[in-house]
Amino acid sequence: MDLKINQQTKPMDIKSRVELIDITSYVEKEVENSRVREGVCIITTPHTCAGIIINENEPGILLDIVNFLDKLVHSGEVYEHNKIDNNADAHLKTLLLGSSEVIPVVEGKLELGAWQSIFFAEMDGPRDERRVNVIVIKK
Amino acid sequence: MDLKINQQTKPMDIKSRVELIDITSYVEKEVENSRVREGVCIITTPHTCAGIIINENEPGILLDIVNFLDKLVHSGEVYEHNKIDNNADAHLKTLLLGSSEVIPVVEGKLELGAWQSIFFAEMDGPRDERRVNVIVIKK
Amino acid sequence: MDLKINQQTKPMDIKSRVELIDITSYVEKEVENSRVREGVCIITTPHTCAGIIINENEPGILLDIVNFLDKLVHSGEVYEHNKIDNNADAHLKTLLLGSSEVIPVVEGKLELGAWQSIFFAEMDGPRDERRVNVIVIKK
Chain A
1 MDLKINQQTK PMDIKSRVEL IDITSYVEKE VENSRVREGV CIITTPHTCA GIIINENEPG
61 ILLDIVNFLD KLVHSGEVYE HNKIDNNADA HLKTLLLGSS EVIPVVEGKL ELGAWQSIFF
121 AEMDGPRDER RVNVIVIKK
Chain B
1 MDLKINQQTK PMDIKSRVEL IDITSYVEKE VENSRVREGV CIITTPHTCA GIIINENEPG
61 ILLDIVNFLD KLVHSGEVYE HNKIDNNADA HLKTLLLGSS EVIPVVEGKL ELGAWQSIFF
121 AEMDGPRDER RVNVIVIKK
Chain C
1 MDLKINQQTK PMDIKSRVEL IDITSYVEKE VENSRVREGV CIITTPHTCA GIIINENEPG
61 ILLDIVNFLD KLVHSGEVYE HNKIDNNADA HLKTLLLGSS EVIPVVEGKL ELGAWQSIFF
121 AEMDGPRDER RVNVIVIKK
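Protein chains in written order, with this note's numbering: chain A, 1 to 139; chain B, 1 to 139; chain C, 1 to 139.
Among the hints, erroneous ones may be present.
Said to hold, decoys possible - Some chain C residues flagged as far from chain B (calculated, every beta-carbon gap over 10 angstroms):
#1 N6
#2 I21
#3 V40
#4 Q116
Stated by the list, open to error - Interface residues of chain A toward chain C, partial, derived using beta-carbon atoms under 8 angstroms:
#5 V18
#6 I21
#7 P126
Derived by calculation from the structure, the hints in this document are not laboratory data.
Note that CB positions come from ideal geometry on N, CA and C, so glycine has one too.
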């Protein structure tokens, strides 16, 4: 086996419209389960209103990110998509964040920097569950 | 074979300066041709004024994305690069969009969400052709 | 060997707060050293205040990028994270840029477009050294 894909619909207790959920320990466990010692870990999500990001798990910056994205897309704006589904702002924020991250795996562990955590970035909550895919490619 | 790269200069009928071209069926066909059952598909483009994005193929949101990007970079702005080549706005939009996307392949198909489509995001059209690379990594 | 990871703490002569360092020739050399003829090259960085981007190495556009990012995050803004560490603007810029890039390798060379260069994008300098990871996956 050179590559392991774990697709999981994860129960998520997302209470707000925009919320950053730290999934680092979940991804770390998947890497551990894969028994890959050296390789690459890819995290993706199949949603158009949620992304995968890397940033610091510090309450202040997480709040800053939420407010910054809100300001960038001006959620009060008139968007065409809102005639269909009232979440154009969530689509635009997701566009900026991206749907995947790639992280090296070294000696069986994610090669994350001291301040890096992985987040599921919900832009259109609240939600009870969301899908996350973790792929580990082996050396 | 563990990995298949298909580089293709694709004829593209891009009529506007900014246009989002749905390339999902093209990428799906490449995955099918690769006969990979489980793996990862990576889509890249070698241009500095065009990106690869994932979003919903709904006319309203596609228009919203185009307008949102225009507003973010204020295309009337004075940019240094415009002394050389009048497309700084296209470079800045591409910077925000990114040049690649990564999608799992499961049971021979792209693991896209119900609302996800893949787009070639032209920021400096019109154009007759552009390059797209599709890479499929096999389990 | 199907995959080669080179993690390197690179001495970097970053003199400004925000600086784009062209690392294309370094990455090209790593691809050459890996002796991979066809595959994929992934470049990542483990910092929360620096990203990896692809754009044109033209002084005007590099200045435009720096100014554009500054304007987007309004560095004078009151951010919560600044109570802890005075670099919320660097975190927000990195969020928009992303921490990785993926490029095909064809005939032993990076499949970069004519105008594409790879940059280490420092958002929180000056710095003497920073880490860059280059991963090459072989066909």
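(message) Is the interface hint satisfied for I21 of chain A? The criterion is a beta-carbon contact with chain C at less than 8 angstroms.
(response) 16 angstroms, violated
(request) Hey, is N6 of chain C genuinely clear of chain B, shortest beta carbon separation above 10 angstroms? (result) 19 angstroms, holds
(request) Grab the minimum beta-carbon distance between I21 of chain C and chain B and tell me whether it stays above 10 angstroms. (result) 16 angstroms, holds
(message) For the restraint on V18 of chain A, tell me whether the closest CB of chain C is nearer than 8 angstroms.
(response) 13 angstroms, violated
(request) Using Cβ atoms only, decide whether P126 of chain A comes closer than 8 angstroms to chain C, and label the hint accordingly. (result) Violated. Min distance 23 angstroms.
(message) If we take the beta carbon of V40 of chain C, is the closest beta carbon in chain B still more than 10 angstroms away?
(response) 6 angstroms, violated
(request) Find the nearest Cβ of chain B to the Cβ of Q116 of chain C and say whether that gap is larger than 10 angstroms. (result) Per Cβ check, Q116 of chain C is inside 10 angstroms of chain B; nearest 6 angstroms; violated.
In this structure, the hints that do not hold are numbers 3, 4, 5, 6, 7, in rising order.
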